[in-house]
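Q: With the hints as extra help, turn the sequences into a complete structure.
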Amino acid sequence: MSLFARKPPTPLMHAGEDLQNGPAALYLDGVRMRALETSRGRLVATVAVFTVIFGVIGARMVDVAVLDSNPARPRALPHARIDGVEMERGDIVDRNGIILATSLPTVSLYARPHEVPDAQEAVDKLARVLPDLDKAEVRARLGNGKSFAYLRRNLTPRQQYDVNALGIPGLYFEKGERRVYPHGSLVAHAVGMTDIDNKGIAGIEKRFDAGLRSSAEPVRLSLDIRVQTLVRNELQKAVETFRAQGATGMVMDIHTGEMLAMVSLPDFDPNDPPAGANDALFNRATKGAYEMGSTFKLFNTAMALESGRVNLHSSFDATRPLKYGSHEIHDDHALNRWMTVPEILVHSSNIGSARMALEAGTEFQRSFMGRIGMLQTPTIELPEVGAPMVPSPWREINTITISFGHGLSVTPIQLVSGAAALVNGGIFRPATLLAAGDGRAIPGERVLKPRTSDQMRALMRMVVTDGTGKKAEVAGYDVGGKTGTAEKAAHGGYKKKAVLSSFVAAFPMDAPRYVVVAMIDEPQGTKETYGFITAGWTAAPAAGRIIAQLAPMMGIAPKATPEPTIAARPATSGHGRGDLAATR
Numbered sequence: 002m003s004l005f006a007r008k009p010p011t012p013l014m015h016a017g018e019d020l021q022n023g024p025a026a027l028y029l030d031g032v033r034m035r036a037l038e039t040s041r042g043r044l045v046a047t048v049a050v051f052t053v054i055f056g057v058i059g060a061r062m063v064d065v066a067v068l069d070s071n072p073a074r075p076r077a078l079p080h081a082r083i084d085g086v087e088m089e090r091g092d093i094v095d096r097n098g099i100i101l102a103t104s105l106p107t108v109s110l111y112a113r114p115h116e117v118p119d120a121q122e123a124v125d126k127l128a129r130v131l132p133d134l135d136k137a138e139v140r141a142r143l144g145n146g147k148s149f150a151y152l153r154r155n156l157t158p159r160q161q162y163d164v165n166a167l168g169i170p171g172l173y174f175e176k177g178e179r180r181v182y183p184h185g186s187l188v189a190h191a192v193g194m195t196d197i198d199n200k201g202i203a204g205i206e207k208r209f210d211a212g213l214r215s216s217a218e219p220v221r222l223s224l225d226i227r228v229q230t231l232v233r234n235e236l237q238k239a240v241e242t243f244r245a246q247g248a249t250g251m252v253m254d255i256h257t258g259e260m261l262a263m264v265s266l267p268d269f270d271p272n273d274p275p276a277g278a279n280d281a282l283f284n285r286a287t288k289g290a291y292e293m294g295s296t297f298k299l300f301n302t303a304m305a306l307e308s309g310r311v312n313l314h315s316s317f318d319a320t321r322p323l324k325y326g327s328h329e330i331h332d333d334h335a336l337n338r339w340m341t342v343p344e345i346l347v348h349s350s351n352i353g354s355a356r357m358a359l360e361a362g363t364e365f366q367r368s369f370m371g372r373i374g375m376l377q378t379p380t381i382e383l384p385e386v387g388a389p390m391v392p393s394p395w396r397e398i399n400t401i402t403i404s405f406g407h408g409l410s411v412t413p414i415q416l417v418s419g420a421a422a423l424v425n426g427g428i429f430r431p432a433t434l435l436a437a438g439d440g441r442a443i444p445g446e447r448v449l450k451p452r453t454s455d456q457m458r459a460l461m462r463m464v465v466t467d468g469t470g471k472k473a474e475v476a477g478y479d480v481g482g483k484t485g486t487a488e489k490a491a492h493g494g495y496k497k498k499a500v501l502s503s504f505v506a507a508f509p510m511d512a513p514r515y516v517v518v519a520m521i522d523e524p525q526g527t528k529e530t531y532g533f534i535t536a537g538w539t540a541a542p543a544a545g546r547i548i549a550q551l552a553p554m555m556g557i558a559p560k561a562t563p564e565p566t567i568a569a570r571p572a573t574s575g576h577g578r579g580d581l582a583a584t585r
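With my numbering, you'll find the sequence shown wraps up at 585, consecutive numbering, no jumps.
Read the hints as simulated data drawn from the structure, not as lab findings.
Every value quoted in this text rests on a predicted model; they were computed, and no experiment measured them.
Do not rely on the hints blindly, as some may be mistaken.
To be verified - Below, in silico cross-link-like pairs of lysine-lysine (BS3-like), each with a Cα-Cα straight-line distance of 30 Å or less: (1) Lys-288 to Lys-496; (2) Lys-207 to Lys-176; (3) Lys-528 to Lys-471; (4) Lys-528 to Lys-489; (5) Lys-498 to Lys-288; (6) Lys-489 to Lys-471; (7) Lys-489 to Lys-238; (8) Lys-324 to Lys-497; (9) Lys-528 to Lys-238; (10) Lys-176 to Lys-136; (11) Lys-496 to Lys-238; (12) Lys-528 to Lys-497; (13) Lys-288 to Lys-489; (14) Lys-288 to Lys-497; (15) Lys-471 to Lys-560; (16) Lys-489 to Lys-324; (17) Lys-471 to Lys-450; (18) Lys-560 to Lys-450; (19) Lys-498 to Lys-324; (20) Lys-560 to Lys-238; (21) Lys-136 to Lys-200; (22) Lys-498 to Lys-471; (23) Lys-238 to Lys-288; (24) Lys-471 to Lys-238; (25) Lys-496 to Lys-528; (26) Lys-176 to Lys-147; (27) Lys-497 to Lys-238; (28) Lys-497 to Lys-471.
A: What follows is the structure, given as C-alpha cells:
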C-alpha cells in the first residue's frame, strides 16, 4: 500500500448505533456547549463596553449640568421647575402664606461673538424663532468685539428648544431665575419688583433685598390678599364712577399696627412694569404728602381734650367768621351760633376747630402732633416713604389752619396710624407691613389718656349717625369716622374744583379692631351726588362698602339690634335735599 494512501475516516456512527444516546450524541452536545460559551462571552464583553461608554457619558452630563460650580461658565437649565429646586431669591407671602412673589428657573441666551461664523446669518435665523428680537441691537452686540454678549434674557422652554434647534455655533444658554408676581398689579406698590438681574428695586423687594437673597425662609407680610382685593375693587369703582385721577385705601389692625391692605391707584403690573417715571409707579399711600382737610379735626379735637383746657361741654363762638390779621376763617355750612365740642366735630366747623386750637395753644398743638406721628417720617418697611411738610416757624396762624387740616401735609399712612391711636385706648403703634405672628397687641407709646380715646370713639360714632359721615353707615357694625375734603394746593393758592376727598373710619366703635381709610383724588360730581364732590358723597360710601365686606370676612358678627344714638343739634343750612349739608 502506498505511503501516500489516505486512511479511511473513522465513521462517526456505526451501523446499529443509537443516534440519540450514543457516543455521537455526546460529541455533538460538546460542540454545542463550546459554541454557546463562546457567544456568551462575546455578549458579556459587548455589554460591558457599552456600559462603560454610557457611564462615562452620564457622568459627564451630571458633571456639566449639576456638579460644575464654575460661575464663569454658563450652562443649560431644565425646561421646567421641579420640586426641590432651590432659587436664589426667597418668596414673599401674605399673612396666610399666599405667594405674592416667587422665582422660577429660566435660561438666558448669550453668545461668544468670536465663535459665531456669520453674525448676520445668525441674527436672521434667531429672528425667525424670536420675532420680537431687535435685529439691529443683536447685530451690534455680535460685532462689538467683546468676548461675551447677552442676546435675550428669560427664554421660555419652547424658545430655548427652537434656538437650540437652529444649531448656530457660538450661542449658549445660561442658568438663571425669573421673578414672577402671581397677583399682578394687586399688591404692586407694597411688594415692589426686581430688575432684569433679579435685584430688588422697589417696595419690599428692595427693602429686604439682602435677606431675600440669603435666606430660604419667605418674607411674610401683614397684608391679607382677600382684604387687599376688596379694597382695590371698591376704590377702582369709585375712581371710575367719579372720573378721578386716582385713589388710596388702607386697612390697619389697631392693636398691632399691621396693614391688612394698602392700595394705591393707578397701579402697575410688576411682571411688565411701565418704563420711565410713570404716575402708576408712585405709591400714594406712603410717598405722597397731602393736606388732609377736615379729617384732621379728629386730631385737633383729641388735642384740645388732652390739653385739659377743653371738655365735651365746652362751647365756642361760631356766630361769625373768625378774623386773624388779613385772614378770615369761614364754615362751609355755617350754623352762626355758639357750638359745643361734639357739634363742632359732627358739623365739621372750621371756626369752632380754630377756636379750640387757640384755647389749647400753639406749643401744645405742636407737641401733640409730634406724639401722634404727624411730624416724623413714617417707619413703615418701604423705601418709598414721604416726609411730612411741617411749617417752620410754627406760628399762631399755623395753629389755626392746622386745626382744620391745612398748613401741615402728611402721608395717608400717617393718617391711618394716628387714627388708630385715637380709638385703641391711646397707644401709638407705627404702621408695619410685616406680619406680627401671634395676633397679640404690640407694645407702643401712650399718646393720650384712655378717657380721651373713649370720648373720641363716641364722637366719631356721632359723625356717622348724625353728621357728615352718614353714607358710611353699615347696619350692625357701629362705624365711626370723619370726612375730609381738602382743596389741592397749587402755585400761590388752592384749586377750587380739585379736591382730595377722604374718609377715615373705625369699627366696631364699642370695641374697635380696624381703621379703614378711603381717599379719592380729584373726584368729579355725578347726577347721583347732585354734582357734589365732597367726601360725604364720594369717599364715605366707598369706605362703607369696604367695611360691609371686611367685617364678616374677619369674623365680626353684626349687632342684632340698632344702638340708641345721642343726636347733635341738627344743621340748619337751608339745603332742601336731606343731608346735603352734612357732606363735608
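Q: Evaluate each hint against the coordinates.
A: Verification of the hints:
Between Lys-288 and Lys-496 the alpha-carbon distance is near 21 Å, which keeps this suggested pair within the 30 Å criterion. Between Lys-207 and Lys-176 the CA atoms are separated by roughly 23 Å; this keeps the pair inside 30 Å, and the hint holds. Distance restraint check for Lys-528 and Lys-471: the Cα-Cα separation of roughly 19 Å lies within the 30 Å cut-off, and the hinted pair is therefore satisfied. A threshold of 30 Å between alpha carbons decides the hint, and for Lys-528 with Lys-489 the separation of about 23 Å falls inside it, so the pair holds.
With a CA separation close to 24 Å, the supplied pair Lys-498 and Lys-288 stays within the 30 Å bound. Of the pairs offered as hints, the one joining Lys-489 and Lys-471 holds, with about 24 Å between alpha carbons and a cut-off of 30 Å not exceeded. Using a Cα cut-off of 30 Å, the hinted pair Lys-489 and Lys-238 holds, with the two alpha carbons roughly 22 Å apart. Between Lys-324 and Lys-497, the direct Cα distance comes to roughly 21 Å. Compliance with the 30 Å bound is thereby established for this hinted pair.
For the proposed pair Lys-528 and Lys-238, the alpha carbon gap of about 16 Å is at most 30 Å, so the pair holds. Distance hint between Lys-176 and Lys-136 is fulfilled; the C-alpha atoms sit about 24 Å from each other, no more than 30 Å. Distance hint between Lys-496 and Lys-238 is fulfilled; the C-alpha atoms sit about 25 Å from each other, no more than 30 Å. About 20 Å separates the Cα atoms of Lys-528 and Lys-497, which keeps this hinted pair within 30 Å; it holds.
Restraint check for Lys-288 and Lys-489: satisfied, since their Cα atoms lie roughly 16 Å apart, inside the 30 Å limit. For the given pair, Lys-288 sits about 24 Å from Lys-497 by alpha-carbon distance, which is consistent with the 30 Å threshold. Proposed proximity of Lys-471 and Lys-560 is supported: the alpha carbons are some 18 Å apart, at most 30 Å. With a CA separation close to 23 Å, the supplied pair Lys-489 and Lys-324 stays within the 30 Å bound.
With a C-alpha separation of about 28 Å, the suggested pair Lys-471 and Lys-450 falls inside the 30 Å cut-off, and the hint holds. In summary, the hint linking Lys-560 to Lys-450 is supported, as the alpha carbons are separated by about 28 Å, within the 30 Å threshold. Proposed proximity of Lys-498 and Lys-324 is supported: the alpha carbons are some 25 Å apart, at most 30 Å. A threshold of 30 Å between alpha carbons decides the hint, and for Lys-560 with Lys-238 the separation of about 28 Å falls inside it, so the pair holds.
With a C-alpha separation of about 27 Å, the suggested pairing of Lys-136 with Lys-200 holds against the 30 Å cut-off. Our distance criterion of 30 Å between C-alpha atoms is met by Lys-498 and Lys-471, whose separation comes to about 23 Å. For the given pair, Lys-238 sits about 23 Å from Lys-288 by alpha-carbon distance, which is consistent with the 30 Å threshold. Distance check on the hinted pair: Lys-471 and Lys-238 sit about 20 Å apart at the alpha-carbon level, within 30 Å; holds.
Of the supplied pair hints, the one linking Lys-496 and Lys-528 holds, its CA atoms being roughly 22 Å apart against a limit of 30 Å. A threshold of 30 Å between alpha carbons decides the hint, and for Lys-176 with Lys-147 the separation of about 21 Å falls inside it, so the pair holds. Distance hint between Lys-497 and Lys-238 is fulfilled; the C-alpha atoms sit about 24 Å from each other, no more than 30 Å. Under the criterion of a C-alpha separation no larger than 30 Å, the hint pairing Lys-497 with Lys-471 is consistent with the structure, at around 25 Å.
Violated hints are absent here; each numbered hint is respected by the structure.
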